[in-house]
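Undergrad: Sequence:
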Amino acid sequence: YKSQFQGYIDDDIEADGLEELYQDAHKQIREDPFKKEEGAGEKKSKDFWKEESKKYRDNKLTKAEREAKVQEKIKALSA
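With UniProt numbering applied, the sequence shown has no gaps in its numbers, which climb one by one up to 79 at the end.
These aren't lab readings, by the way, just hints derived from the structure by calculation.
In this text, all values refer to a predicted model and were calculated from it rather than measured experimentally.
Beta carbons: idealized from backbone N, C-alpha and C, even for Gly.
Keep in mind that a hint or two might mislead.
As the list claims (entries may be wrong) - Label-pair ranges, simulated between beta-carbon atoms:
hint : residue 1 : residue 2 : range
1    : D10       : E37       : 20 to 26 Å
2    : I9        : W49       : 35 to 41 Å
3    : I74       : E52       : 53 to 59 Å
4    : K36       : L61       : 43 to 49 Å
5    : E42       : I9        : 33 to 39 Å
Stated by the list, open to error - Derived DSSO-like pairs (lysine-lysine); straight-line CA-CA distance at most 27 Å:
hint : residue 1 : residue 2
6    : K55       : K75
7    : K75       : K54
8    : K46       : K63
9    : K54       : K44
10   : K46       : K36
11   : K60       : K73
12   : K60       : K43
13   : K36       : K50
14   : K73       : K63
15   : K60       : K50
16   : K43       : K54
17   : K46       : K69
18   : K44       : K27
Please work from the sequences and hints to get the whole structure.
TA: Below, the structure is given as structure tokens:
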């Protein structure tokens with residue numbers, strides 16, 4: 001019980017107070033449905049995400065490069 005509901009226990013929320021908690025939350029959502037987080041920061045540009053995705057993408061090897069790599073492995077194993 002304690003492990004599953006530890007967040008509620010830490011915030012001193014009891015079962016009787018949940019209904020009021022949700023009513024307050026829904027009221028705030030109705031007042032401003034698109035409320036921004038205070039610490040959300042700036043929106044990142046499309047160029048930023050393009051650069052970010054290129055960091056983790058390996059460039060394709062040509063057929064000649066792949067064959068050379070295989071030959072190197074064969075030489076290393078036979079030596």
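Undergrad: Measure nothing beyond the straight line between the CA atoms of K75 and K54; if it is 27 Å or shorter, mark the hint as holding.
TA: violated, 33 Å
Undergrad: Has the hinted range 53 to 59 Å been met by the Cβ atoms of I74 and E52?
TA: violated, 37 Å
Undergrad: Given the hint that K60 pairs with K43, does the C-alpha gap stay at or below 27 Å?
TA: It is violated: about 31 Å lies between the C-alpha atoms, which goes past 27 Å.
Undergrad: Could you tell me whether the CB distance from E42 to I9 stays inside 33 to 39 Å?
TA: holds, 36 Å
Undergrad: For K43 and K54, compute the direct alpha-carbon distance and say whether it is at most 27 Å.
TA: The given pair, whose Cα atoms are some 19 Å apart, holds under the 27 Å limit.
Undergrad: Within 27 Å, alpha carbon to alpha carbon, are K54 and K44?
TA: holds, 16 Å
Undergrad: Checking one constraint from the list: CA of K46 to CA of K63, max 27 Å. Satisfied?
TA: violated, 32 Å
Undergrad: Has the given pair, K46 with K36, been kept, meaning a C-alpha gap of at most 27 Å?
TA: Holds, because 20 Å separates the two Cα atoms, which is no more than 27 Å.
Undergrad: Is K46 within 27 Å of K69, Cα to Cα?
TA: Not satisfied, since the Cα-Cα distance of roughly 36 Å exceeds 27 Å.
Undergrad: Okay, K36 versus L61 on CB: inside 43 to 49 Å?
TA: The hint (43 to 49 Å, Cβ to Cβ) holds, given that K36 and L61 are roughly 45 Å apart.
Undergrad: Does the alpha-carbon distance linking K55 and K75 stay inside the 27 Å limit?
TA: violated, 32 Å
Undergrad: Just to be careful, I want the Cα atoms of K60 and K73 compared with a cutoff of 27 Å; is the pair within it?
TA: Answer holds: K60 to K73 is near 19 Å, not above 27 Å.
Hint compliance for this structure: hints 3, 6, 7, 8, 12, 17, 18 are not met, and every other hint is.
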